[in-house]
Amino acid sequence: MTAAVIGIALALPTGLHVLLQNAQQISGSWDGSAQISLFLKKSVSHRQALRLARQLRKRDEIAKVSYISREQALQEFQQQSGFGDALKALTKNPLPSVLIVQPALAHSQPEQTAVLLEQLRRDIRVDVAQLDMQWLKRLYAIMDIVRRGLLVLAGLLALTVLLVVGNTIRLAIQNRRDEIVVIKLIGGTDAFIRRPFLYTGFWYGFFGAILAFIMVYTALLLLSGPVEKLALLYHNSFELSRLDLDTTLILLISGVMLGLVGSWLAVGRHLREIEPG
Amino acid sequence: MIRFSHACKRYPGGYDALNQVNFHMPRGQMAFLTGHSGAGKSTLLKLIALLERASRGQVFVNGQNLAKIKRPRIPFFRRNIGIIFQDHQLLFDRTVFDNVALPLIIAGLPQRDISKRVRAALDKVGLLRKEKVYPVTLSGGEQQRVGIARAVVNKPPLLLADEPTGNLDPELSREIMHIFEDFSQVGVTVLVASHDLDLISQLPYRQLTLKGGRLVADTDPSTQEQVG
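The listed protein sequences derive, respectively, from chains A and B.
When we follow the working numbering, the leftmost residue of the first sequence carries the number 137, and every step to the right adds one.
When we follow the working numbering, the leftmost residue of the second sequence carries the number 5, and every step to the right adds one.
Hints in this document: simulated from the structure, not taken from any laboratory.
Since the structure is predicted, the reported quantities are computational estimates derived from the model, not experimental observations.
Keep in mind that a hint or two might mislead.
As the list claims (entries may be wrong) - Computed footprint of chain B on chain A, listed as stretches where at least three residues anywhere in the stretch have a Cβ under 8 Å from a Cβ of chain B:
id, region
1, 305-319
2, 322-335
What the hints assert, rightly or not - Computed Cβ-Cβ distance ranges for the label pairs, DEER-style:
id, chain 1, residue 1, chain 2, residue 2, range
3, A, Ile144, B, Tyr15, 41 to 51 Å
4, A, Arg408, B, Ser59, 18 to 28 Å
5, A, Asp382, B, Lys74, 37 to 47 Å
What the hints assert, rightly or not - Sample of chain A residues with no beta-carbon within 10 Å of chain B, all distances over it, derived:
id, residue
6, Leu357
7, Leu359
8, Leu369
Every residue gets a Cβ at the ideal spot worked out from N, C-alpha and C, and that includes glycine.
Can you make the complete structure from the sequences, with help from the hints?
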């Protein structure tokens with residue numbers, strides 16, 4: 137019972153940590169893809185667009201420029217958006233042509249990219265220049281918040297584990313009150329009396345951590361199927377990473393430590409109250 | 005071995021359990037502590053075992069001033085005292101053997117020595133064949149003898165007994181007293197608190213009498229000396 141409560145309390149931050157790790161991995165793989173999308177004015181012809189692309193490719197700070205013509209954009213949109221039939225009803229293509237500009241790696245620092253963006257935006261052929269980095273930055277900011285929140289949550293749950301272990305040990309001490317009195321009467325030291333309770337706390341923490349491991353492992357197993365399906369929809373082969381060795385070790389160690397500390401505090405608090413006489 | 009010097013014990017609330025108690029017990033002596041219930045017998049034993057501390061005055065055991073013993077040292081001090089309780093204070097979820105072995109386990113003796121000394125102690129109180137049973141299945145007298153075996157198993161130089169024959173019939177009580185006499189004869193200092201005057205008066209040992217927390221009589225048949 138106690139071990140189960142500890143297990144759940146430990147499983148929550150561990151599970152979130154693993155999910156966060158996965159999120160970082162996903163965003164990490166997008167990290168290098170800070171792209172600038174140039175939506176060209178509708179008045180810009182196919183030929184003019186290709187010329188602009190050629191001009192841009194000559195610049196040092198640009199690694200790659202790919203051109204999506206209005207027709208291509210429409211086709212893609214019809215295939216992927218599910219609005220295919222509705223689009224067929226349109227007489228004119230509403231989409232602009234797009235140049236996707238990939239900054240060279242050497243120039244991909246946020247400030248340099250911002251300068252490039254500003255230059256491109258001033259070009260008269262460009263309607264809108266958009267840095268796809270923006271949402272990534274926001275994602276990072278959100279993940280920072282989540283990570284901080286995770287720390288707070290982990291702290292609160294660690295406190296919960298301490299209290300749960302402490303309470304269990306307190307009950308165990310009360311149950312063995314007579315025994316403690318007798319041991320004190322015949323010369324047992326506090327350390328001697330404390331030892332079995334510390335063992336108890338140790339095992340509670342240990343089994344709690346094991347249970348947490350099983351819970352997180354099962355949850356990830358259940359999630360991995362749908363996640364892979366989702367990743368496939370994004371043309372992305374992504375595999376949900378499992379609990380790694382580091383996380384498992386930290387989970388075990390923190391479980392055991394919390395068990396030990398919780399029982400130590402409980403025994404320290406309640407042992408003095410029990411005195412023969 | 006035991007020396008009380010103007011020892012007083014006042015409990016919270018102002019009740020004086022012991023008042024200006026003075027006496028000295030040499031090493032190897034056997035003595036009885038008598039008096040009505042509430043006279044302070046148990047309190048006096050508690051002061052010796054450091055279950056309580058004197059409010060005023062001093063108590064010396066084996067030359068040590070008990071007021072100087074700090075809390076963490078108390079367990080080690082108690083290992084030199086065998087204490088026998090009226091209610092035995094046995095652990096009922098453990099066998100007789102395990103009960104008697106407890107002081108040795110606490111002292112950290114190796115397992116082989118433990119078995120040997122537990123059997124020797126049980127043999128001395130005549131319970132060697134009951135080592136594997138649980139205390140509940142024993143009679144009151146047998147339980148008391150388990151308590152004695154536990155008190156003497158680590159060979160303490162001082163033995164305290166608080167009403168050891170309280171719930172026993174006269175026959176069994178005499179038996180228990182004989183066990184104490186045996187220990188006294190091998191040099192153990194024995195102090196027995198008891199209100200069983202019939203039994204005590206038959207035995208040739210020193211008697212300390214408490215009344216209302218004061219030591220009112222100290223008789224010793226072997227010297228015929230009387231102290232007020």
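Starting from the hint list further up, note which numbers the structure goes against and sort them upward.
-> Hints that this structure does not satisfy do not exist here, as all of them hold.
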